[in-house]
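Mapping of the sequence shown onto the UniProt record's numbering: residues 1 to 81, in sequence order.
To be clear, the hints were calculated from the coordinates, so they are not data collected in a lab.
Glycine residues also receive a C-beta, built at the ideal position from the N, C-alpha and C atoms.
Treat the hints with caution; some may be incorrect.
As the list claims (entries may be wrong) - Ranges of calculated distance between the beta carbons of each label pair, as one might list FRET restraints:
id, residue 1, residue 2, range
1, G76, P26, 29 to 35 Å
2, A75, E52, 15 to 21 Å
3, R27, P79, 28 to 34 Å
4, Y13, P48, 15 to 21 Å
5, D74, P26, 27 to 33 Å
6, T7, P48, 17 to 23 Å
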Amino acid sequence: MNDIDRTVTSDTYRNHVIAVTVVRGPRGAWLPRVSIAHGEAGHGRVLPGQHEPEWPSEAEAVRAGLARGREAIDAGEAPPA
């Protein structure tokens, strides 16, 4: 199975844009890829360590990606204002 982009979702949280791209991994499970941009910035910073966990459904991977983005912002791991 190929690593194919499937879903792109974005959300605004504390003046940051969280973008989540969900891909289907080689074992068939779903993986979120998360990037964060401040405000209206074009490209965000991709969060590291996104190889696990894998999720059984696309929707679960999207929710997990958005949650990871919010946690990163709260922890100060997001790009500066």
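Consistency of the hints with the structure:
no., hint, verdict
1, G76 with P26: 29 to 35 Å, "33 Å, holds"
2, A75 with E52: 15 to 21 Å, "19 Å, holds"
3, R27 with P79: 28 to 34 Å, "32 Å, holds"
4, Y13 with P48: 15 to 21 Å, "19 Å, holds"
5, D74 with P26: 27 to 33 Å, "32 Å, holds"
6, T7 with P48: 17 to 23 Å, "21 Å, holds"
Comparing the model with each earlier hint shows no violations; every hint is respected.
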